[in-house]
Amino acid sequence: MTEDIDMQTEPKDTDWVCVNSTDGFSFLVRRKVAYASGTMRNMLDTESNYAEASTRTCTIYQRGIIVEKLLEYMAFRAHYESVGPKEEIPVHEFMERIPPEIVLELLLAADYQEM
Amino acid sequence: MRRNNVRGPTSALTEYLKASGIRARHINRRGSNLNRGQNEQNGDGDAPDAGPSNSREAGDEAEDGEAGEEPSATRTNATRRRASGYNSDELDASEGDEEPEKTGNKRKGSKPAVAQQKAKEKEKAKAKKKVKKGDDEDEDGEEEDVYHALSKSLWSGSGSSKPPVGSFENCAKCEKQFTVTKYTMVANPGPGFLCHPCAKASGTDPFKKPAAPRKKRPTEKRAVVSFEERKFPTLASMCIDLITKHIDDVEALGDIGTLNAQAISKALSRNRKLTSEHATLFYHVSNTSLTFHDTTDLAPAALSTLARLNPNLTHLHLDYCGQLNNAAFDTFTDSLPHLTHLILLGPFLVHTENWQRFFSTHPSLECFQITQSPRFDLACIKALVRHCGASLTELRLKQVGKLDDACLNELAKLGEWQKLRMLDLSEPSASCSDEAMIELMGAIGRELRVLNLSKHNLLTDTFLEDGLGRHVSQLERLSLNHIPELTDDGVESFFTDWANPPLVEIDLSRNHELGSKALPSLLKHSGKMLEILNINSWKEVSEDALNEIAAYGRELRKLDVGWCRQVDNFVVKAWLDGNPDHEGWTGCPKLTELKIWGCNRITAACPRKKGLSIYGVESQEVII
Chain A
4 MTEDIDMQTE PKDTDWVCVN STDGFSFLVR RKVAYASGTM RNMLDTESNY
54 AEASTRTCTI YQRGIIVEKL LEYMAFRAHY ESVGPKEEIP VHEFMERIPP
104 EIVLELLLAA DYQEM
Chain B
23 MRRNNVRGPT SALTEYLKAS GIRARHINRR GSNLNRGQNE QNGDGDAPDA
73 GPSNSREAGD EAEDGEAGEE PSATRTNATR RRASGYNSDE LDASEGDEEP
123 EKTGNKRKGS KPAVAQQKAK EKEKAKAKKK VKKGDDEDED GEEEDVYHAL
173 SKSLWSGSGS SKPPVGSFEN CAKCEKQFTV TKYTMVANPG PGFLCHPCAK
223 ASGTDPFKKP AAPRKKRPTE KRAVVSFEER KFPTLASMCI DLITKHIDDV
273 EALGDIGTLN AQAISKALSR NRKLTSEHAT LFYHVSNTSL TFHDTTDLAP
323 AALSTLARLN PNLTHLHLDY CGQLNNAAFD TFTDSLPHLT HLILLGPFLV
373 HTENWQRFFS THPSLECFQI TQSPRFDLAC IKALVRHCGA SLTELRLKQV
423 GKLDDACLNE LAKLGEWQKL RMLDLSEPSA SCSDEAMIEL MGAIGRELRV
473 LNLSKHNLLT DTFLEDGLGR HVSQLERLSL NHIPELTDDG VESFFTDWAN
523 PPLVEIDLSR NHELGSKALP SLLKHSGKML EILNINSWKE VSEDALNEIA
573 AYGRELRKLD VGWCRQVDNF VVKAWLDGNP DHEGWTGCPK LTELKIWGCN
623 RITAACPRKK GLSIYGVESQ EVII
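Chains A and B are the protein sequences, given in the same order.
Sequential numbering from 4 applies to the first sequence in our numbering.
Sequential numbering from 23 applies to the second sequence in our numbering.
Calculated directly from the structure, the hints in this document are not laboratory data.
By construction, the Cβ of each residue, glycine as well, lies at the ideal position given by its N, Cα and C atoms.
One or more of the hints may lead you astray.
Unchecked claim - From the structure, some residues in chain A lie toward chain B, with a derived Cβ separation under 8 Å:
id, residue
1, Tyr76
2, Arg80
3, Glu84
4, Pro93
5, Val94
6, Met98
7, Ile101
8, Val106
9, Leu107
10, Leu109
11, Leu110
12, Leu111
13, Ala113
14, Asp114
15, Met118
Put together the whole structure using the sequences plus the hints.
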């Protein structure tokens with residue numbers, strides 16, 4: 004073996020992170036996106052040495068549809084958080100994409116994920 | 023009024039006349055002067071003061087005569103009829119202070135518009151000549167009435183027909199011929215131009231530069247730096263907004279279980295968004311328990327609604343219920359007959375009578391915990407003991423301003439039933455005395471499991487020996503912080519002699535006198551079972567005493583040793599890993615929270631362990 008793959012490289016924003024739901028869905032997102040959630044940021048903090056950090060896999064104990072919506076928000080946030088002050092954040096449009104049936108569940112999940 | 027410099031729309035002709043300094047009044051006056059002269063010449067016999075009113079017309083007539091007969095003929099009659107009304111004209115013209123009349127005059131004067139315009143046009147030409155003849159002395163006398171400000175045209179000459187520079191002109195005042203220059207000015211009243219001496223004499227400086235058109239002040243040219251904090255909306259807040267939107271359509275939100283409802287209510291409270299609309303989400307007639315951690319936004323009416331929509335509640339816990347007033351509390355009294363547990367934080371507004379009425383209607387009250395009430399007094403405590411004493415097991419009167427020895431004596435009557443398990447009388451406005459507290463312990467101490475008497479700063483070692491030591495024997499949790507009279511020796515002997523089984527939680531923080539004797543004694547007594555220990559501010563406690571925590575703290579979960587000066591990295595290491603020098607000093611394997619605020623000997627190298635949160639490490643090191 005000439006090239007060892009070092010598992011403990013410096014975390015980069017462009018790393019891929021795997022996010023699992025309880026009902027078997029897996030999502031791959033950039034680390035930057037995952038960091039939009041405070042809870043997930045702590046999970047993936049390489050200094051804390053959690054299993055999540057070393058395997059770069061997080062499990063959100065929610066249904067797939069909730070996890071999907073969470074990740075949608077995280078991507079939305081990661082994208083719009085860095086835009087200039089002039090640019091309008093289409094919050095309203097995002098809210099329209101949240102189906103009211105899942106809003107309570109989503110609230111709990113969001114509360115847990117600190118976002 | 024013209025003085026206001028407010029003008030309505032004017033015709034081009036009027037503008038022109040004004041620009042050349044010709045006013046209707048001047049014309050009238052000139053006409054009248056002329057007429058007067060004529061009248062006098064004619065020997066009319068009219069009184070000179072009555073003349074002017076007619077004279078204008080007469081003057082008009084005189085001039086109209088040149089133009090044509092018809093208008094003058096008809097108008098003469100009309101004006102003759104009006105003549106009496108013009109009596110004031112002269113007064114007006116001469117005194118110039120009866121302004122309403124004056125305006126009326128002007129309006130009247132302009133009524134026969136066509137004819138008068140004609141007249142004006144003609145008179146304009148005439149007037150110039152006349153003025154030059156110098157017959158306007160009386161006009162000078164009336165100057166106060168005239169609009170003084172120099173019009174632009176005076177300077178620029180663009181409005182009036184100022185003769186070209188270098189030509190000759192006769193001065194309007196002194197009639198001398200002079201050379202028109204750049205600085206030549208228009209005569210202020212009436213037409214014509216002034217020679218240099220006259221211009222100077224009239225008080226205006228011919229060399230004065232026309233006031234530069236006032237520059238519009240640059241409207242806020244400097245960039246106003248505004249700091250708009252861009253707060254990205256959290257997903258939770260969006261969800262709450264959506265819930266608000268759909269709150270009337272509960273089905274759309276899906277089914278909520280009881281557990282979830284609790285979690286959702288917590289999430290809403292955490293975001294401080296629990297409003298009266300949201301609160302209905304958690305109401306149900308079958309509810310037996312309800313906890314809101316933030317009721318700041320629930321108005322008294324909403325709290326009444328809460329009581330009415332959850333009539334079967336037995337447990338009610340409301341934090342920050344500052345809006346709970348008498349009316350709302352009365353609904354609790356009337357609508358919640360099954361209530362046995364009531365926990366309120368901040369019921370400031372409820373009055374004594376309402377508390378008493380509540381107790382009288384709830385004889386099966388088991389748990390009554392309030393924090394912060396300046397009104398709760400002896401009468402309330404009497405009612406509480408009388409009505410609920412037989413069932414009461416938990417009582418918290420924390421931060422109750424009126425707590426005193428008399429209240430304690432009243433509470434001692436609870437000893438009759440020996441039911442009280444939990445008592446919290448912490449942080450009163452004024453401390454109760456040793457004697458009253460010892461008496462209270464004597465009455466109710468036997469069954470107590472939880473006791474909090476913090477900030478009763480008059481309590482001494484005597485209370486420990488005679489109160490706790492003698493009467494309390496089943497305690498599990500003890501809080502006695504902020505009691506400065508306690509001494510190291512007193513606490514040592516108290517724990518050495520106390521018959522009580524080991525405690526689970528001890529909070530003796532902020533008792534500065536306690537130290538190296540009290541801690542080992544405490545650990546010997548309770549160490550084996552102790553889960554939570556707070557010895558914050560035991561400043562003198564020695565390193566050896568602190569190390570003993572490692573010997574006993576097998577069950578320890580939370581430890582606060584803030585401001586204990588002898589705590590250092592090695593002490594912490596002994597707690598975490600045990601001390602190999604002593605057999606059986608296994609440390610505190612279950613420790614999850616360690617607070618070491620203000621421990622100056624702790625450095626950044628403070629040992630850490632998985633599963634343990636250490637708060638208060640200051641990482642700056644002074645390098646000598």
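Hint check:
A least Cβ separation of about 5 Å between A:Tyr76 and chain B falls short of the 8 Å threshold, and the interface hint therefore holds. The closest approach between the C-beta of A:Arg80 and any C-beta of chain B is roughly 6 Å, which is under the 8 Å cut-off, so the hint is satisfied. Evaluation of the A:Glu84 hint against chain B yields a held restraint, the C-beta minimum of about 6 Å falling below 8 Å. At its closest, the beta carbon of A:Pro93 sits 11 Å from a beta carbon of chain B; the interface hint therefore is violated under the 8 Å criterion.
Given hint, A:Val94 at the interface with chain B, holds; its Cβ is 5 Å from that chain's nearest Cβ, closer than 8 Å. Here the hint on A:Met98 is kept, as its CB sits about 5 Å from the closest CB of chain B, short of 8 Å. Interface hint at A:Ile101: satisfied, since its Cβ lies 6 Å from the closest Cβ of chain B, which is below the 8 Å cut-off. For A:Val106, the shortest C-beta to C-beta distance to chain B is roughly 5 Å, which falls under 8 Å, so the interface hint holds.
The beta carbon of A:Leu107 comes within 5 Å of a beta carbon in chain B, closer than 8 Å, and the hint placing it at the interface holds. Interface restraint check: A:Leu109 against chain B, minimum CB-CB distance 5 Å, threshold 8 Å, status holds. Satisfaction of the interface hint for A:Leu110 is found here, the shortest Cβ-Cβ separation to chain B being roughly 4 Å, below the 8 Å cut-off. Look at A:Leu111: its Cβ gets to within about 5 Å of chain B, closer than 8 Å, so that hint holds up.
Interface hint status for A:Ala113: upheld, as the beta-carbon distance to the closest one in chain B is roughly 4 Å, under 8 Å. For A:Asp114, the interface hint holds, the least distance from its beta-carbon to any beta-carbon of chain B being 4 Å, beneath 8 Å. At a threshold of 8 Å, the smallest CB-CB gap from A:Met118 to chain B is about 5 Å, leaving the interface hint in force.
In the structure shown, a violation is registered for the earlier hint numbered 4 alone.
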